[in-house]
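Asks: Position chain B against the provided structure of chain A, taking the given hints into account.
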Amino acid sequence: MFVPLKKQNSERKSRREEVKEMENAITTIRQDEVIGTLIDHPIVEFYEQEVSQEIKMCSCDDCDPCDYEAR
Amino acid sequence: MEGLLVKLLITPVDFDCNMNCGYCYNGSARRLCEAPNQIISEDTIYRIFDQIVPFLKSNQLVIIWHGGEPLLAGQDFYKEALKIQKQAVNGRYQITNCIQTNGTLVDESWADLFAELKIGPSVSVDGPAHLHDSIRTFINGGSTYDLVMRGYRLFQVRDINTGMLMVISQNNVRHPEEIWNWVVEQQIPHFDFLPCIEPKLWRQGKQKYGLSSEEVANFFVRFFDLWFDYGDPGIKIRTFRDAIKGLIGGRVNICSWKAGCLQHISFDASGNVFPCARYHCYPETALGNIQEQGFSGILESKTTKWVHEGIAEGQAKCIKCKWNAICGSGCPFLKYALHGNWSEQYVHCQPRQVLFNHVQKRIFKQ
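So the protein lines, in turn, are chains A and B. So for the first sequence, our numbering puts the first residue at 991; every next one is plus one. So for the second sequence, our numbering puts the first residue at 29; every next one is plus one.
Hints are computed from structural coordinates only; laboratory data are not their basis. Here the structure is a predicted model, which is why all the values come from computation and not from measurement. One should not assume that every hint holds.
Have a look at the derived ranges for each label pair, beta carbon to beta carbon [as the list claims (entries may be wrong)]: (1) B:Glu-136 <-> A:Thr-1027: 45 to 53 Å; (2) B:His-367 <-> A:Pro-1032: 37 to 45 Å; (3) B:Gly-325 <-> A:Pro-1032: 51 to 59 Å.
C-beta atoms are modelled at their ideal positions from N, C-alpha and C, and glycine is treated no differently.
So that you can see chain A by itself, here it is in the shape it has in the complex:
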């Protein structure tokens, strides 16, 4: 069926949404490889968030941003 271009564009996900979905998928895949479902716990949630931000902000390990928090 022919879909007008305007509608195609409006239905299309933004690049940001696509990236977000991809990041979520990566996180889920990585978790599923090892595990199952994480429990609800403040420490687990904290590091879940940190990991998702790492994937988003910095995929390399060049900078060691956390390394001198505790040594």
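Replies: Here is chain B on its own, set in the frame of chain A:
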């Protein structure tokens, strides 16, 4: 190694120290190697930074000033060293300087200098006063706890992000609850543990303060439970952070957990180059001397090839282990110090597996 370096370790006063801790490998090394105590020269500092720039992985570099007690080099040394560092890299690199100190020399002026130069400190403390003072003493046997904690507080009141390292030894391994209560009372936000190993005594089966695998495992599991059940993410313990992050697909940061040895290089006060500061008392592992050779020549030396291939082959032996992606095969230095090669199993392999299994059980729904 070209284009791989992310971290430099420098021991500006070698093994010189104002303390005489019961388990100190530096003390043993000093006796073993009869290394002279000296302060690294400005010329050596300049050569280090001038030479390593082409070998950096990115425009970011971490420098760890280690010891002995690195503050014995004096405040003027660090003012000058960081000036030289800045000149050598000419603003092209973002450098983070960190100092691992015993904390006893830290006064108001030192704390001000750390703040001014943006140096990140980490202080060595082995728990509450009676545990700490029974093993971490001045050379004359005097207690150090009050001075160490004063130094730690001087950093804290200046909002300097301060780490803490605790050596877990026969002295404190049976006191996880007491150490945990102390951490909470003292409001210590960041710290980590180093399980004690005394290589020379281990080889003879006569460790005095060093721990067995079972003792390390029991301590880790008990302390993890105390921390996890308390449930405050504001208290960060590096070992447990990396275990959790590794298990949920994140990045680990501890050097040996990410098989990071080949990205580090270390310099002693004479300009000798080693794979890591822990090798400074093993002269056969010196890769060269920065005052005598260019850095590219050092990286092409037979010793460098021998060390790097040995480490890499040792790490490859763990490739089929289910924990390999998190564990990184353990600290290669300890393999070498205990066995004289990098092929043997990491001495704390079993405690790590126990910890990973335990953390996995705790953080995932069963």
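Asks: The structure should be examined with respect to each hint, and the outcome stated for every one.
Replies: For each hint, the structure was consulted:
Between B:Glu-136 and A:Thr-1027 the beta carbons are some 51 Å apart, a value that agrees with the proposed interval 45 to 53 Å. At about 42 Å, the beta-carbon gap between B:His-367 and A:Pro-1032 stays in the expected band of 37 to 45 Å. One distance hint, 51 to 59 Å for the beta-carbon pair B:Gly-325 and A:Pro-1032, holds here, with the actual separation near 52 Å.
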